Each structure stands twice: as structure tokens, then as C-alpha cells.
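K.L.:
Spelled out, the chains give:
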Amino acid sequence: DVKVTQSSRYLVKRTGEKVFLECVQDMDHENMFWYRQDPGLGLRLIYFSYDVKMKEKGDIPEGYSVSREKKERFSLILESASTNQTSMYLCASSPGSSGANVLTFGAGSRLTVL
Amino acid sequence: GEDVEQSLFLSVREGDSSVINCTYTDSSSTYLYWYKQEPGAGLQLLTYIFSNMDMKQDQRLTVLLNKKDKHLSLRIADTQTGDSAIYFCAERPYNFNKFYFGSGTKLNVKP
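Chains F and C, in that order, give the protein sequences.
Reading the first sequence from the start, the letters are residues 1 to 114 in my numbering.
Reading the second sequence from the start, the letters are residues 1 to 111 in my numbering.
Hints were generated in silico from the structure; no laboratory data involved.
The structure presented is a predicted model; accordingly, all values stated were derived computationally and were not measured.
Warning: the hint list may mix true and false statements.
To be verified - The calculated lysine-lysine pairs, modelled on BS3-like cross-linking and capped at a C-alpha distance of 25 Å, are:
#	chain 1	residue 1	chain 2	residue 2
1	F	Lys70	C	Lys70
2	F	Lys70	F	Lys55
3	F	Lys53	C	Lys36
4	C	Lys56	C	Lys98
5	C	Lys36	F	Lys3
6	F	Lys3	C	Lys98
7	C	Lys70	C	Lys110
8	C	Lys67	C	Lys98
9	F	Lys55	C	Lys56
10	F	Lys71	F	Lys55
11	C	Lys36	C	Lys98
12	C	Lys36	C	Lys110
13	F	Lys71	C	Lys98
14	F	Lys3	F	Lys55
15	C	Lys98	F	Lys57
16	C	Lys56	C	Lys67
Stated by the list, open to error - The calculated label-pair distances, taken between Cβ atoms and stated as ranges, are:
#	chain 1	residue 1	chain 2	residue 2	range
17	F	Glu17	C	Gln57	29 to 37 Å
18	C	Asp58	F	Ser98	33 to 41 Å
19	F	Lys13	C	His71	27 to 35 Å
20	C	Ala77	F	Lys53	44 to 52 Å
21	C	Asp54	F	Gly99	15 to 23 Å
22	C	Asp69	F	Lys71	34 to 42 Å
23	C	Phe9	F	Val52	35 to 43 Å
24	F	Pro39	C	Gly82	17 to 25 Å
25	F	Ser67	C	Ser11	37 to 45 Å
Heads up, the beta-carbon is just placed ideally off N, CA and C, and yes, glycines get one too.
Make a model of the complete structure from these sequences and hints.
P.N.:
See the structure below:
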């Protein structure tokens, strides 16, 4: 069964802490994505990556950075967490840009910043 | 970016049909997707349709596409309590990597 695995389901951090959210996929997908989900706002794209060491800003990149050193792993970094970054974070991957290119999601990481 | 709109809530009785609606704005060839999210979980793909199709059926699910009005619907026949979830519509322009999601429709199925 193919998977996108997010290492932490629940995290509680303090304001100003550095936070790492890790995501690993085992499908040899080219593209990986980080979204945040907030009630009534749907999914908003933070960053995506279409190749190793490549990244592109999404709609809400401020306060976040990403790292993709290996094809299967895409990390989201909050350099200095703030309370307005309390949210559900969803990682996803897709094969490429042609065809249906379906997104496969991880189970999500719920981050609370106190 | 693209604008994908959905109503926020829908409530139906068990055994009835549910129809969840979505509008999108892209005018070129595009893929349109329906995802389901159960409480505390990630999104799970239900089905998708390319914009050159009018309809797609898969067991209890029927997707209808009105290209002129840029309107997409998901019909769930014989809705069960296990169908209670948030349903997201998403659009991806052809040969493009970005997906555009609606805000999600929370379906509540009453016994």
C-alpha cells in the first residue's frame, strides 16, 4: 500500500521555537507539497517541490521554509513559531505533471503553538 | 490563481441522495477532483474527471460536469452515516503542477 507518512501527528510548541515537520513518500513521486488547513479556509498551499533541491512558493510561504535533499523526503520548517501558525499541516505527493497526476495525502500533523 | 467555490455545509438523512456542488474558474483544459476527509485524517481521493467529459460514475458516486457554467457536482446515492465527512473539490490545469482546492463541504448524515 503506497504511502505518504508524516512523522508527527500532534505537536505542541512554544512561541519562538523552531519546528520541523517531516514527510516521506514511498511512491517515487516527483512532486511534493505542504498545505495548511484551517476551518472555513480549505487547503492553502505553503510550498511545493517538483524535484530534489527545487522548491517553489505557494500562496502563503511567509514564516515557513522547506527542504528537499532526497526525492522521498520533504520537510517544512517554521524558523520561529508563532501562535497564528497553529493549524493542521498536510503533506502530499503526486507523480508528475502529465495525466491525472493524483495527489496522495499524509494523515496530517496538528500543530499547536502556545 | 484559480477560484474554486463550495458551500460549507450539507445535511441529509440516511438513505437519501447527497449532492455536493462546486464551481471553478479555469477556462482551459483541466482535471477536477473530489477528495474526502474523515475526522482527524488526511484527504482521500474519491474520483476525478477531465474537462472533456460530462459524467463519470463509480458505484454510489456520480460526477457531473457542466463545462459551460464551470459547475461540478458529486452525487452520493443511498448516503450512509459513514459518508459523513468533509468533501473537497479541487482543480488542476492540464500539464500544471498546482492544485486549487475549495473550502470543503461538511456533509452530515442523520440516521
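K.L.:
Would you mind marking each hint as holding or not holding in the structure?
P.N.:
Right, here's what the structure says about each hint:
Of the supplied pair hints, the one linking lysine 70 of chain F and lysine 70 of chain C is violated, its CA atoms being roughly 39 Å apart against a limit of 25 Å. Proximity of lysine 70 of chain F to lysine 55 of chain F is assessed by CA-CA distance (about 13 Å); at most 25 Å being required, the pair is judged to hold. The hinted pair formed by lysine 53 of chain F and lysine 36 of chain C fails the criterion: a straight-line CA distance of about 31 Å is larger than 25 Å. A threshold of 25 Å between alpha carbons decides the hint, and for lysine 56 of chain C with lysine 98 of chain C the separation of about 23 Å falls inside it, so the pair holds.
With a C-alpha separation of about 17 Å, the suggested pairing of lysine 36 of chain C with lysine 3 of chain F holds against the 25 Å cut-off. With a CA separation close to 20 Å, the supplied pair lysine 3 of chain F and lysine 98 of chain C stays within the 25 Å bound. A threshold of 25 Å between alpha carbons decides the hint, and for lysine 70 of chain C with lysine 110 of chain C the separation of about 30 Å lies outside it, so the pair is violated. Taking the CA atoms of lysine 67 of chain C and lysine 98 of chain C, the gap is near 21 Å; set against the 25 Å cutoff, the hint holds.
Between the alpha carbons of lysine 55 of chain F and lysine 56 of chain C the distance comes to roughly 35 Å, so the proposed pair goes past 25 Å and is violated. With a C-alpha separation of about 12 Å, the suggested pair lysine 71 of chain F and lysine 55 of chain F falls inside the 25 Å cut-off, and the hint holds. Of the supplied pair hints, the one linking lysine 36 of chain C and lysine 98 of chain C holds, its CA atoms being roughly 19 Å apart against a limit of 25 Å. A threshold of 25 Å between alpha carbons decides the hint, and for lysine 36 of chain C with lysine 110 of chain C the separation of about 18 Å falls inside it, so the pair holds.
Note on lysine 71 of chain F and lysine 98 of chain C: the hinted pairing holds, with a Cα-Cα distance of about 18 Å set against a maximum of 25 Å. Annotation: proposed proximity of lysine 3 of chain F to lysine 55 of chain F holds, straight-line Cα distance about 22 Å (limit 25 Å). Between lysine 98 of chain C and lysine 57 of chain F the CA atoms are separated by roughly 11 Å; this keeps the pair inside 25 Å, and the hint holds. Taking the CA atoms of lysine 56 of chain C and lysine 67 of chain C, the gap is near 14 Å; set against the 25 Å cutoff, the hint holds.
Range check, glutamate 17 of chain F to glutamine 57 of chain C: Cβ separation about 49 Å, and the 29 to 37 Å hint is violated. Between aspartate 58 of chain C and serine 98 of chain F the CB atoms are about 22 Å apart, so this pair departs from the stated range of 33 to 41 Å. At roughly 42 Å, the beta-carbon separation of lysine 13 of chain F and histidine 71 of chain C lies outside the given 27 to 35 Å, and the hint is violated. Look at alanine 77 of chain C against lysine 53 of chain F: about 47 Å separates their beta carbons, and that is inside 44 to 52 Å.
Judged by the Cβ atoms, the range 15 to 23 Å given for aspartate 54 of chain C and glycine 99 of chain F holds: they are separated by roughly 20 Å. Hint check: aspartate 69 of chain C to lysine 71 of chain F, Cβ distance near 40 Å, so the stated range 34 to 42 Å holds. For phenylalanine 9 of chain C paired with valine 52 of chain F, a C-beta distance near 42 Å keeps the hint of 35 to 43 Å intact. Distance hint check for proline 39 of chain F and glycine 82 of chain C: the Cβ-Cβ separation is about 22 Å, which falls inside the suggested range of 17 to 25 Å.
Between serine 67 of chain F and serine 11 of chain C the beta carbons are some 43 Å apart, a value that agrees with the proposed interval 37 to 45 Å.
Comparing the model with each earlier hint shows violations of hints 1, 3, 7, 9, 17, 18, 19; every other hint is respected.
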